[in-house]
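> The chain contents come next:
Number of protein chains: 2
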Amino acid sequence: MYKENKRTRRIKRPSTWIRMNPAQALSVGFLILIGIGTLLLMLPFATKDRHHLSFIDALFEATSAVCVTGLVVVDTQTTFTVFGQVVLMVLIQVGGLGFMTFGVLIAIMLGKNIGLKGRLMIQESLNQLTIEGMVRLVKFVVAFTLIVEAIGAIILAIRWTEDFGFPKALYYGAFHSVSAFNNAGFDLMGNFSSVTGYIGDFTVIMTLSSLLIIGGIGYIVLLDIKINKSLRKLSLHTKLVLLMTLILNILGTIFIFILEFNNPATIGDLGMKEKLLGSYFHGVVPRTAGFNSLNTGELTLGSQLITMLLMFIGGGSGGTAGGIKVTTFALILLAVWALIKEDEEVNLMGRRIPKELIFRAFTITVYSMGLIALVVFLLSLTENAPLNMLLFEVISAFGTVGMSLGLTPDLSPLGKLLIALMMFAGRVGPLTLAFALARKREKANYKYAEEKIMIG
Amino acid sequence: MYKENKRTRRIKRPSTWIRMNPAQALSVGFLILIGIGTLLLMLPFATKDRHHLSFIDALFEATSAVCVTGLVVVDTQTTFTVFGQVVLMVLIQVGGLGFMTFGVLIAIMLGKNIGLKGRLMIQESLNQLTIEGMVRLVKFVVAFTLIVEAIGAIILAIRWTEDFGFPKALYYGAFHSVSAFNNAGFDLMGNFSSVTGYIGDFTVIMTLSSLLIIGGIGYIVLLDIKINKSLRKLSLHTKLVLLMTLILNILGTIFIFILEFNNPATIGDLGMKEKLLGSYFHGVVPRTAGFNSLNTGELTLGSQLITMLLMFIGGGSGGTAGGIKVTTFALILLAVWALIKEDEEVNLMGRRIPKELIFRAFTITVYSMGLIALVVFLLSLTENAPLNMLLFEVISAFGTVGMSLGLTPDLSPLGKLLIALMMFAGRVGPLTLAFALARKREKANYKYAEEKIMIG
Ligand SMILES: [K+]
Ligand SMILES: [K+]
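Residue numbers (this note's numbering), protein chains in the order written: chain Y, 1 to 456; chain B, 1001 to 1456.
Hints are computed from structural coordinates only; laboratory data are not their basis. For clarity, every value in this text was computed on a predicted model and none was experimentally measured. Relax, there's no trap hidden among the hints.
Straight line, CA to CA, 20 angstroms or less: simulated DMTMM-like cross-link-like pairs of lysine to aspartate or glutamate:
| # | chain 1 | residue 1 | chain 2 | residue 2 |
| --- | --- | --- | --- | --- |
| 1 | B | Lys1275 | B | Asp1201 |
| 2 | Y | Lys355 | B | Glu1345 |
| 3 | B | Lys1355 | Y | Glu356 |
| 4 | Y | Lys355 | Y | Glu344 |
| 5 | Y | Lys48 | Y | Asp75 |
| 6 | Y | Lys355 | Y | Asp343 |
| 7 | B | Lys1273 | B | Asp1201 |
| 8 | B | Lys1355 | B | Asp1343 |
| 9 | B | Lys1355 | B | Glu1344 |
| 10 | Y | Lys168 | Y | Asp201 |
| 11 | Y | Lys355 | B | Glu1356 |
| 12 | Y | Lys355 | B | Glu1344 |
| 13 | Y | Lys168 | Y | Asp75 |
| 14 | B | Lys1168 | B | Asp1075 |
| 15 | B | Lys1048 | B | Asp1075 |
| 16 | Y | Lys273 | Y | Asp201 |
| 17 | Y | Lys355 | B | Asp1343 |
| 18 | B | Lys1355 | Y | Asp343 |
| 19 | Y | Lys355 | Y | Glu345 |
| 20 | B | Lys1275 | B | Glu1298 |
| 21 | Y | Lys275 | Y | Asp201 |
| 22 | B | Lys1355 | Y | Glu345 |
| 23 | B | Lys1355 | B | Glu1345 |
| 24 | B | Lys1355 | Y | Glu344 |
Isolated chain Y, as found in the complex (with noise of 0.2 angstroms):
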């Protein structure tokens, strides 16, 4: 619980020239740590055998980093220096943590509502927030992911000692507990591969979920269930949230193991505990951690657009996930079962839903299926692939899952410019525009007279 301070300093408003909203804040600072880890990313020592980068590769993979996705366009553990890979994991580290402290604080501006409401010393408007408030609050989601990190990096690297001896294997232990809590999908393993060679190593596949599940969730969550402890008491967007992580995980287990059940080239040929841990880990990896299990390459095209959907989806909102988050996804479909049953109101466990959301929700949703088309129509005219593997990398940069058919490594430059922009727009975009849409305010200027149109 957080003490109260009676004389807190209110944040001084920036002047005019500078004025940013915490968005577009937090979009300056992304690009700013995007161009340090480009120039950082063609030093020499960087890379092995003094390959240097191409600076379009350098800024695809600092963004891939910066933006936690994981798409990357050379094979992290081949091309990489140690110097390279921990610039890599810094750059994962920081902008999973500014995103997440970021989130929470735009979160917490815009739910008014949300469950926390006079539980934190956080007001309700940024000319309300406290320093002190503010440093708290950065102070816990630094505390808590590292000390989650930390846990993950030990049981990994018990678990590679065998495999690769102790310093190497706290090393891997370390990158990956961090790739694997900031949703970023990088790994260590060689030539592309993932954990395809752990698909049925439990605790290695259950250590990574839980990391991701918990880094995804978002800190809204986290905070919420450190503050209220008991169920009953948790706010709806953090049972709605558990609820709908549940829910698509199972369902993304199941799809995929019926799916893929007789498909030789994924778990056809492999043993039932294989099958199992292979179907969890792709049910739960899209939701946006992309590591693989998996050839992904090689799903059927069911799988494949059941992961689009998870991509899509995504996270928790104020977490390290990507996509239109699981909260924007049950909302349609309670608008859906809303209109189904001839309800004017939407309602959830009691509560109802503002208009207003359920408007944000749809409004969302449009926006990123229009900007996945609209890459997915460029990228047909700079590349030469199959629908499928486009519309499959433009939805992993959207959702800053990672997962890939196969096609970023051969994008053409223009290709991972696109996919560069895309990512960061998958980053900071819904984010922003969830934002300027909750800003909006009624001006006061005059009306026009209203009048209505036929649609649909």
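Start from chain Y and add chain B with the ligands according to the hints.
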């Protein structure tokens, strides 16, 4: 101008067990019509050489005709006798007229203020609809349809006399005029060739495209023009539909021209006149006529995607066109623009667009995309075809367009059923949905307390 009749009879409310809203009545009427059509097309003398159609093929063809889609599992000219062809023509005409008249009635009911107010005897709700008003409206629709179709048939008959001789030219003129005005896309050119033989024929291309544009623009617009005559007095709806139709046709033409300029399988090897006419026709038909003068299966992926977008958008409300409608698409673009400008209100031509309408536009778009995604997923399980072919076919069915990359004749029986269902859903679905969304009333029962959640 309609004369007032003081003693107008009210339509009796039907008794409870058959109480249907107009959209439901339309659905049931279509189902009966499809059933009759299926039976007629299965008659031995409906097909040449006594090749009976299988039930699923007859059902598919009847659905395609009634829903004025034009996707075909067998070639119309080489499979059907003149009897079978006339059955298809009648199904197209009845389906088209039925949809148009119901569409106009529903449009008027929904649009209490779409600029026709006070000018039509037809009042705002079903309870107030007079039989006289309905009869007059239906008469206008039928008369206008038949006159325009007759003009189209005569022009085509004159043009085709040199190719086929007069009697056949008259029959072909009538069939293709009906098919074009109703945006059905059925043709009698043989071997699935559609009008590819006339790609550079100014008369044929311009006659067909004029017919399909007029038919697809919607009777709301035609009525408005008939009543108001001067451009200045037209309703916002009419102005928007005309403007969007113009813009989309021009953009469609330009995109196809550029994207196919060097494609030898389509217009690459043709002269400039054929290039222009071919691009123009392909830019216009996806909304939603379904003829093709280019070899659709050979389009570049970029052109396929542009075509899919145009098919998804469709034409005007209350006409023979399908899709989400140009007005829905325009509202979404306007809402994006308002968001960018940080405007609270969505304004257009000095009028404010009601919030519910924007909401409805987003809802219709998301539901339509969701439906398309679902059917594509199901087809990925039943068919063995690449994603672009599946998506193209499903959007074509949803928009009742009838263009195809060649998949439909090779569909499995389950695939045919899915596409047939999609044609039906695409025809009555968006209208029913718009109706359901518009009629939802604030219920007087208790409300739950409001609670927000975080999305995006
Ligand atoms: K990721
Ligand atoms: K059609």
